Structure formats: structure tokens, C-alpha cells
Amino acid sequence: MNCPYCGGSMLEGTFHDRGDSYILPAGEVPPKLWTKAVLKKKHAILLPPESFGAVWAQRPSAFWCGICKKMLVDYGELMSQVEGQGTEGKE
Numbered sequence: 001m002n003c004p005y006c007g008g009s010m011l012e013g014t015f016h017d018r019g020d021s022y023i024l025p026a027g028e029v030p031p032k033l034w035t036k037a038v039l040k041k042k043h044a045i046l047l048p049p050e051s052f053g054a055v056w057a058q059r060p061s062a063f064w065c066g067i068c069k070k071m072l073v074d075y076g077e078l079m080s081q082v083e084g085q086g087t088e089g090k091e
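For the sequence shown, the positions run 1 to 91 when UniProt numbering is used.
Please keep in mind that the hints were generated in silico from the structure rather than gathered at the bench. Note that the structure is predicted; figures quoted are calculated from it, not measured. Some hints could be false.
[Stated by the list, open to error] Mimicking SDA-like on lysine to any residue, the simulated pairs with C-alpha atoms at most 25 Å apart in a straight line are:
no.	residue 1	residue 2
1	K70	T35
2	K41	E77
3	K36	P4
4	K40	M1
5	K42	M71
6	K36	C6
7	K40	G76
8	K41	K69
9	K42	G27
10	K36	K69
[Unchecked claim] Restraint ranges, calculated between C-beta atoms of paired labels, are given here:
no.	residue 1	residue 2	range
11	P25	G76	29 to 37 Å
12	C6	K32	33 to 41 Å
13	E28	C68	16 to 24 Å
Where a beta carbon is used, it is the ideal one built from N, C-alpha and C, also for glycine.
All chains, please: the whole structure from these sequences, using the hints.
Structure below.
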């Protein structure tokens with residue numbers, strides 16, 4: 001996928017959060033031990049911390065542009081699983 005902002009190639013992976021937020025490249029298995037050294041070995045991209053929920057929760061697909069440092073996160077598959085919990089029509 002190409003970045004819609006700069007046109008550069010984007011890394012595909014999944015978005016994770018547990019103390020540190022990061023994108024884990026596609027094909028990498030999430031580590032059982034959550035240290036910065038392990039995440040670096042897994043080629044994870046650390047992002048500012050933000051809590052998303054349980055460790056075992058399904059993670060959204062994400063795309064990272066290393067050129068302009070922008071991330072796209074796809075919640076399409078996850079939102080269809082929690083039907084009726086969106087914000088459509090709420091004011």
C-alpha cells in the first residue's frame with residue numbers, strides 16, 4: 001500500500017498497545033515478553049502510549065509510512081464484530 005500523503009511505501013502489520021504502542025510487521029508473532037529490546041528484535045515500531053484494552057484482544061490492521069511517520073488503522077473488520085456499538089446516529 002502506498003501512503004496517501006507522500007506516496008511512499010507503507011509497512012503492513014497490526015497495531016498493539018501494552019505500555020508502549022507499536023505496529024508489529026505482518027508475519028511477526030506478538031512477543032510474550034514485552035520489553036523494548038524484544039520489540040526492537042521483532043522490528044516493531046513504537047508509538048506514543050495509549051491504552052486500547054485487553055492483551056488478548058484482536059488487533060486492527062495497520063499501515064505505517066516510515067517517510068512521513070503517518071499511520072492508517074483499519075477498524076472495518078473489528079467494527080463489524082461489535083455491531084450496534086458504533087456512534088452512527090448519536091448526537
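Here is how each hint holds up against the structure:
Annotation: proposed proximity of K70 to T35 holds, straight-line Cα distance about 24 Å (limit 25 Å). A distance of roughly 28 Å separates the Cα atoms of K41 and E77; the hinted pair therefore is violated under the 25 Å criterion. Straight-line distance between C-alpha atoms of K36 and P4 comes to about 30 Å, which puts the hinted pair past the 25 Å bound. Taking the CA atoms of K40 and M1, the gap is near 23 Å; set against the 25 Å cutoff, the hint holds.
With a CA separation close to 18 Å, the supplied pair K42 and M71 stays within the 25 Å bound. With a C-alpha separation of about 29 Å, the suggested pairing of K36 with C6 is violated against the 25 Å cut-off. Of the supplied pair hints, the one linking K40 and G76 is violated, its CA atoms being roughly 28 Å apart against a limit of 25 Å. For the hint pairing K41 with K69, the CA-to-CA distance comes to about 20 Å; that is within 25 Å, so the pair holds.
Proposed proximity of K42 and G27 is supported: the alpha carbons are some 10 Å apart, at most 25 Å. Only pairs whose Cα atoms come within 25 Å are accepted, and K36 paired with K69 is accepted, the gap being roughly 19 Å. Range check, P25 to G76: Cβ separation about 20 Å, and the 29 to 37 Å hint is violated. Separation of C6 from K32 is about 35 Å and conforms to the stated range, judged on CB atoms against 33 to 41 Å.
Distance hint for E28 and C68: a CB-CB separation of about 23 Å, consistent with the stated range 16 to 24 Å.
In summary, the structure is inconsistent with hints 2, 3, 6, 7, 11 from the numbered list given earlier, while agreeing with the others.
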